[in-house]
Amino acid sequence: MSKAKNSASGKKEESLGDFIRQCLIIIVGVFFIRSLLIEPFNIPSGSMIPTLQIGDFVAVSKYSYGYSRYSFPFSLPLFEGRIFGSMPHRGDVAVFRYTQDTSIDYIKRVIGLPGDHIRLEDGKLYINDREVPRDNLGHYAVNDENDRLLSGTRYLENLPREDGKKIVKHEILKMREDDEANNTKEYVVPAGCLFMMGDDRDDSADSRFQGGRETGKCAAPAGNDFLKATDKDLGFVPTENLIGRAQRVMFSIDLKHPSWAFWYWPTEIRWGRTFHGIN
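Note that the working numbering gives residue 79 to position 79 of the sequence shown, counting from 1, and the numbers run on in steps of one.
For the record, the hints were derived by calculation from the structure and aren't laboratory data.
C-beta atoms are modelled at their ideal positions from N, C-alpha and C, and glycine is treated no differently.
Accuracy of the hints is not assured; some may be wrong.
Quick list of in silico lysine-lysine cross-link-like pairs, DSS-like style, CA-CA up to 27 Å [said to hold, decoys possible]: (1) K217 - K228; (2) K232 - K124; (3) K124 - K165; (4) K256 - K232; (5) K165 - K217; (6) K185 - K174; (7) K174 - K217; (8) K217 - K232; (9) K124 - K169.
Restraint-style ranges between C-beta atoms, simulated for each label pair [said to hold, decoys possible]: (10) P114 - F84: 17 to 23 Å; (11) P77 - D225: 35 to 41 Å; (12) F84 - I104: 32 to 38 Å; (13) W265 - A141: 22 to 28 Å; (14) K232 - F262: 34 to 40 Å; (15) N146 - Y126: 37 to 43 Å; (16) R130 - A191: 18 to 24 Å.
Whole structure, please, built from the sequences with the hints as guidance.
The following block contains the structure:
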């Protein structure tokens, strides 16, 4: 009787040990995939409309630009700087940590690389004194995350890559052309920094706004008179803040009803955006 009890007890201990090992393997696997390969991100705001819609779930490749502390869960300070680092291409849609609170993820398009000269005139984008061509695609209207109507003109922007060998064709939304954010001073992107903009050009808190960045290598020059929306503007983005490149919309849902109302889910899924590539 005693032997039978010991045998049963041993099997329970072995089963528990197997369960713990399997859990650890799963945890390590998830940590590895999310840290080094692919991580999903949700789009909560409209700053990248029409390229990305509120409710999109995008797959971000963590290996595209190398790795920094921000590549890992909880921003573990395992090392300084970046390893296996590479610069993004102009036109990439990138996820990065917000410059003034690195616990927050942002997603924008890379418009300017180190040394680039960026300005806007009458809403038109100029890079290194050359106007970026755009084609009128007609009227476009959509509601943002606060249910405000965004109504304007949709354009196909032809953004030149830095090597001059490729044009990144992507859509932007323009609602006006005549305010300060559409008629800027010239920005010169510092070394180790990026100039980021949203595709919803008139509803994006991006690198045009330089408030509250008086120190650090990506701070605006002393005494500058660049745009300041608040004292916590994005400004230029340090390359070490990069997390990865947004590659594809894996899933998208338009939550017009409360998330617990599961009976609406089938009608709110944007089936046409499933596995949709990001340009």
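Check your understanding: Of the hints stated earlier, which fail here?
Key -> Checked against the structure, the hints that fail are numbers 4, 5, 7, 12, 15, while the rest are satisfied.
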